Structures are given as structure tokens and as C-alpha cells.
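For reference, the chains in residue letters:
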Amino acid sequence: MSEEKKLFKVTIDGITIEVEPGTTILNAARQIGGEVTPPAMCYYTKLKNSGGKCRTCLVEVAAGSAADPRPMPKLVASCRTTVMDGMVVKNTTSERVLDAREGVVEFLLINHPIDCPICDQAGECDLQDLSYVHGADASRFDFEKRTFVKHNLGPYIQLHMTRCIMCYRCVYVADQVTNKRVHGILERGDKAEIATYIEKALDNDFIGNVIDVCPVGALTDRTFRFKSRVWFTKPVKAHRDCSKCCGKVHAWFRGDEILRVTGRKDQWGEVEDWICNECRFEKKSIHDWVIEGPAEINRHSVISQGHYSGKVGTTKPNEPFSKVMKGRQPNLLMDIHSVSEVNPPELDLSALPGPAHSTDFPKRKDTGEEPLTISEKSKGRLG
Amino acid sequence: MGVKLLLDKVHIEGIRYYDAYRKNGGYAAVEKALKTMSPELIVDEVKKSGLRGRGGAGFPTGLKWSFIAKPEGVPRHLVCNADESEPGTFKDRYLMEFLPHLLIEGLIISSFALGSNVTFIYIRGEYAWIPEILEQAIAEAKANGWLGKNILGTGFDCEIYVQRGAGAYICGEETALLESLEGKRGNPRIKPPFPAVKGLWDRPTVVNNVETLAAVVPVINMGGEAYAKIGVGRSTGTKLISACGNINKPGVYEIDMTISVEEFIYSETYCGGIAKGKRLKACIPGGSSVPILPANLLLKTAKGETRYMNYESLSDGGFATGSMLGSGGFIVLDEDQCVVRHTYTLARFYRHESCGQCSPCREGTLWMDKILKNIETGKGKKKDIDLLWDVQRRIEGNTICPLGDAAAWPVAAAIRHFRDEFEWHVDHPDECLKRNFGLAHYADPIEVVT
Amino acid sequence: MEFTVERLQKVKEIVARYPDGKQKSALLPVLHLMQEQEGWLSVESMDYVASLLSLEPIEVYEVATFYTMYNLKPVGKYMFEVCRTGPCMINGSDEIIAYIGDKLGIQPGETTADGLFTLKTVECLGACGYAPMMQMGKHYKEHLTKEKVDAIIEECRRNAAMNN
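Top line first, the protein sequences correspond to chains P, G and S. My numbering applies: residue 53 is where the first sequence begins, and numbers increase by one. My numbering applies: residue 1256 is where the second sequence begins, and numbers increase by one. My numbering applies: residue 29 is where the third sequence begins, and numbers increase by one.
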């Protein structure tokens, strides 16, 4: 980084970072990472003009800049607001933000079918993730939900408009990645829908990318439809020589069968590069691809559960806590077996002939010691 | 009697046409501005006048004009917002229908001040007969040398075109208007950038309301300082009020913002009192988006002072006990009107007019409409009132454009001031469709819920 | 479906107002012209407009479905668009809508069997001081009463009979 370039200092939830002028609050937060990063349902880095619509990334600007430290009166869409030098932003530390975000999640869900059990997107759905973190546990919407008829947009893509949250990403893909747009937003307000007006197939070479950008299960891959839950498949980095696109994909395996091909997504769920329809829909044989190795999946994702050892997945790490924590002992964690008699480590549950009963857990010998409990100090931390 | 600056000549026969308009002092302001003033001087004069946007927001016009970017070689545009669609508001239509030359005159001066050689009037599609009136006035002005090339030998060229919308309230929002003018769906843009930097076709643009642009004519004729002396405080000049609802004389009135609300409603010069000898129950003083006020808070502020028809006085007390002058759409409800039903029609209106782009507005306006319909038709529950409050609260301030606020405020104010009427609906499901019940203690002091 | 020569000339005039490459700006006025000519906007007429302005058809559909004044289905010869928003409602618009519906034997959104009348409810048309009111074609019919509605329907029937 050259010395002359003036960087802007921005503080988000108490963490200060220096970013290039012109960076949005969202992208500054992504540079910090973790909880500080607001969720984004409509913004997509690769798509020009995207963002600003879903309102899930609203944040509070507690100080506009060092020069003008007045707070901004309204919450702002972090994906479309650029940082100023000395700006102070509150995301999860702002009650207003959390309340507004809970409201937005509720708005997004009132007309969403919540048909996750039969939705191909389940397990990799941004709306699912969002509602787990920010949603309420019950709906207050007592009315019939809005529904639309399902449409096949040609042989490869199914449009399930009822699930759509109107992020506009697929429209931007058609505008910016393909050379001809045949679908768009029709009607307005709560009647607005993604459609072609008259029955038309989306058949451009790159139109399959609308599936990857769709944050919900509104646009799904017909060649993968109902084949498998995504968490039963393993994403593998693969490539091939393709005359149309980069040919770099994630091939989703079940056993040694490729069930699905998608673009390679980064940690924010955005594809690294667009791929063509041929790679996506027509190359399902293992012989079509050069396999590079397992793809990284966020360890919190349901897809990662139990698939891999090593750096991906939830395999128990080998290092003791004291090493990971640079010599300190964790004060929040305790050995559950010191207070509970259920599921002792020496008992192999799968070896039992039926469901486990309390009689299967023999009472421990009384050692005369007090069982280890959470210390007063850590109770305070927990509370 | 109040001063009249806009409608003073409206009753002269033939004033709609050029000859009568010119004979009665028309186009003198263009002559003065183009021959004796520089664009900067005109902007200064408008600043001095204290003229505020008459579309509803009340933003100082001169200040707005001074924001326009002037990059080298990029054309700039003035766009006249004639998409008058706020329920209760019909003043711009009156101006355009009866005094088209006043608007054209204001447009020429403002175009000169802003450097707009191509100026558009964007008019709501439903006013389908008015473009002809405006186009005829434009043709007359052009034939007499007030428009076209090298106007009055100053070297300034200007053309004015009229373009019709096609039915969308949202196009009254200035960036949605610009999208519509570009032939697109009326989705408001995400700001910044503001139109003054990137407006029509990405060029610097100023969008002003019809009445604002017409008011530029008296500002130039009499000078900014003299204009600022009319009215009171930061409410300078005159304002058109379109009065409707249960009053004896609905119509468009020009007021000088020093008269009281009581005088406006009861004086023979203006509304002429409540129709059919009934009593005043409530009023939405500035177009459907602004908070409804019960009679007691309308005529007097919470402090017991007389409330006046101007920006400051109408908003005295904030949203807890006050409202806004807004667009000047003055809707009066008599004692027999049902606030719940009225609020329901407004919620339905906003649901119908939401562009659908952002989630709180798209889903929230739908939800409010459905809950209000239930309450109005006797299917509501007590908890629905709190839910309604919560829904409007989570729309307000969280949307791309002000339509979300506009939809939330009327619902909030109706619950705030008429909660017992909502509860009555819930408690009397069989009776609530009978409309003539009236809220007995409408004029009593009402406890304020914040 | 194609424009008449006069209308084509009008389209050229409108497009000339905008900078080069910004002919999309003419879309709303051109769709109005098309509806004036055809009575409604069929897929074929929208596709024609798209080719005339060098747009993708979807761009035209997106716009035509956004604005309420474009008829995407054929409508009656006379369309009564009655306002029902707050200020009209408190002056009796509900009764007027019901009266028209009863008299013509149709519900809002429907067209009479003879194709003469369509009844529609609309939201605020900006004539609140002259309520109740409706739009009929290019003009507003204001201060509606049952008697006035009778007279309007009668006049429409007379005009239709004369033109047949």
C-alpha cells in the first residue's frame, strides 16, 4: 500500500479498521469479519447497482465522520453507504438495528412459504440463516400467504416465485452477465413478481448463474431437483477446459456421482466467477472434471457436518484448550460429565439394543467431592 | 383578507390564454429576470424570499437550487413535478388548469437560473386533459418569443415538454419521477447520489413542485425581501390549500399563513364551516401522509395556544400532539366519520401504491391493510391494535424512500389519538360496519400515547 | 397493431426530445399512444413498441405492468374508474360504486356482456374537493350523485347507439 494514499478510519461495533475511500460500510465490516458483518440478502459484489432493497443490512451511524460527528438520523443500508473518515457505526451493538432487523426478517417471512422441508435450497439458504439468527420464533401474520404458480423457465431452471424475496439479483445477472434479458419484475408492490410475462425459456449460455445468486429457493436447478438434500452431498473443487467460461466449479458429490455443479462461492456466499450452462447442467460425469480437492465450507454450515477431517468440518481438534488459548484455561467451559450422569463417555450408545434409559447410566461412585460447577465469575460472563 | 400572489388574477376572463395573461402583467417577471438579473442573482433572490418547496417536504427552494452540480460540458435539467397524487391534494391541477401561463413563466425563470435548456413537466397520467392546456400555453409563449432559441436576445435557449405518467403515486417521489421520465418503472433510487448531482440521464437535475415554480414569479416581481415579509417566521409567502372532506366549501384557497386553523375552517372566505351543521371531529391538515389530529389538538396546540395554518404552528408538539402543513391537502372529518375506516382506505391506498422494491414497505403496507380491514369489518382482536402499532413502527424510517413513512404516519396517528375507536370496533363486531356512530368525546383532551 | 402514419410521426417527435440513445424515455408516452389507438396493450402491440424504441420486450412488459393506467386486457367502450380513497369515501364513494355495480349488473373489475361498460375502483385521482368522482376516458366526472350516474350511463348508451 502506498504511503500517500489516505485511508479512512472507520469503527464498527468498537473495532477500528482502515479502508480505502469509497468502501461501503458492509465491505469494511466484511474486512473485519465475524459478527460485525451485517447480513445481506440483496447486495452482491459482482452485480452493479445491487443492494439497498432488502434492508437487512441496516446499521446505525453513530458519528458521520471526524469532520462532522453528528449521528445520521435514520438507519442506513450498509451495502450502499460509503464510509467517511472517522465514521462510527453500530451493528449488533445497536438495539435499534437489532429491532429493525428483526422487523425486516418478519416482513420477509410473512409471505414466504417456509417450505424448507421440500425446498432444494434448504441447508444453503440465506433466508434460513437470517431467520435463525435474527428472526422471532413465531409468526404474528394471521392471513393467507401470497402464492404464485410454479414456472419452468426452460429445461434447466425452475422459478418458484412464492419463495422469492425480490432481491433483484437475478435481473441484474440477466442484464449484466447475459446479452439478452427475457425475465424481469412485473406488477408492483406486494403483487410484484419475477416473470417473463409470456411463457419464455431462459436459454442464454450464462443464465444458470441466476440459481447461484438467488438467496432463497426461488430459482433452482431442475437437473438437481429433489435429487438430494445438500448436506448429504460433498462439494469438491473441480475444473475443466471450457471455451465459454472459467470452467472452475464446485462439483457436489454423493458417493462417486456428481449430482450438481455450481459456481465456487466465497465465505459471503458470492460466486468467485460466473460459469456457463454447459458446465453447470451438462457435465455430470466424473470424467468431465479434473478434481482438485474438497471445497471449504463454513464450519457452521450444516453441509460441513461430518464430511471431512482436517481443516474442514467439525472433527475434534487435537490441541488442548490451553494451547489454543495461549496458556489460559477456558473459564466458560466445563466437563458436562462432572455434573451429569447422562451419556458418560465410557458408554457406547450405539451398542445399546434400543433407546437409552436412565437405567443404562449407572450412578457414579460418590467420590465425596463437590461436582464442578460454573464459577460465580463465569456466571457473570454468561449473564 | 389575506394577500394573494398566485390566484389574484384567476377570475379574469380568458386568463388561461396568452393575451389576457400578458395584458394583466404576465411575463413581466421573465422580462425582469432575463434582462436585468444573472442566474446567480435569481437564486439569491429565491433564497432571500424564504420560499419552501410546496410539494410537501418544505425544503428551502433557493438552497436546493444552490446544490446543483455544474460539471463542464454536462447539460442540466429542471423538471417540474406535476404528479400531484397525495390524497387530499388537488391544488397543482387547479393552477395548471386555470393559470397555465403562470407555471410556464415560473419555469422559464427557473430554467434560466439553473441553466436548463430542456425542461420537463411530468404530470400524473390521470390528469389527461391538462397536457393540452399546458402545451397550448407553451406554444403561445413560444410564438411570442418567451421560449425557444435566444430568448429576449439573451442567448438563453429553452424548450419545455410535457410528459404524462401512467398511474403511480410513487412517481411524485423525485427519483421515482426521474426513473419514470426515463421510461422505467417508478422505483425510487437509492440516495446518494442526489438528483442535483446525478438526476435525469445522470445529469444534474432539480425537481420542483408546480406551486413552488409558480411562486417564483411573484418572488421575482416583488423581490425576495418583500416576499419574505408576507407570512410569519420561516413560513413566508402564500400557500395553496386544497380543502376537502365534510366542509361547506371544498376547493383551492390561497392563504398567507398567518390565519388560524379555526378561521380557515369556519370563515366564509374559506371552508365555510362543517357541512350539514355537524361538528368537527378530526382533520388531516397536510395531505393523507401527515398525522390526523382530533378537533381539540387541531384548533389549539397542546399548550393551549391557537394553531395557525403554517409550517411551524401545525407541527408544534411534534407527532405526539402536532402534525404537518405538508402538501396543503386539508381533509376534514365530521362527527359521523369513522377514523378506523378512513385510516383503512389510506392504508389500502399506500399498499396499492408501494413500488414493491424494499421489503418493509412491500410487506408492511400489505400487512397494515389486512389488519385494518379486519378491525374495520369486525374481525379484529385487541392484540391487532398493538400489532398494527408495531408494524408501522418497523416500517417508519427503514425504507428506501419516504413512502414507508407516509404509510406509517397516518396509522400511527390514528392509533395514537383514536385508540378507543379502534377498541370500540374490536368490542362491537356487529355494529362497526354501521358507519354513523361518532366518537362521543372527540373534542375532549385525549391522552397522548408515545 | 402498427401505428398509423400520424401516430408514427408523433412518436418521432417525442423521441427527438431526448438525447441520443435515451429513446427509452419515450416509453410511457408511446404506450399511451398505443392504448389510445388499440384500446388496450396486447403482447403484440407491446412487442411492436419494443422494436420501435429498440428495447427488449421485457422492458416494455415491466413498465406496462407497473403503471395502473395501462389496460393489459380489453376493456369496455366506457370505463368508469371510481375513486374510493379517504376523501371520496367520506363523501359517499362506496354508495356510488355499489349503485353503478347494481345498475350495470357487474362487480368492480368486470365488463358488461355487451362490452359497453367496465367498472373499476381506483385510488385517489386528485379531485378530493369534488368528491365523489370518477374518471371516464380522458375526463373526470365529479360531484357524482345517483341521478348524475344515471344521466352519464344514459348518455354513453345513446352515443354508442349513434356510432353503431
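In case anyone wonders, no lab produced these hints; they're calculated from the structure. Hints are not guaranteed to be accurate.
Quick list of in silico lysine to aspartate or glutamate cross-link-like pairs, EDC-like style, CA-CA up to 16 Å [claimed, not checked]:
#1 Lys1628/G / Asp122/S
#2 Lys50/S / Asp1660/G
#3 Lys126/P / Asp1660/G
#4 Lys1628/G / Glu398/P
#5 Lys252/P / Asp122/S
Calculated Cβ distances over 10 Å to all of chain S for the following chain P residues [unchecked claim]:
#6 Arg82
#7 Gly86
#8 Ala114
#9 Phe258
Everything numeric in this text was worked out from a predicted model, so none of it was measured. A virtual CB, placed ideally from N, CA and C, is assigned to each residue, including glycine.
**OP:** Determine which of the earlier numbered hints do not hold for this structure and return their numbers in increasing order.
**Re:** Going through the list in order, the structure violates hints 2, 4 and 5 and respects the others.
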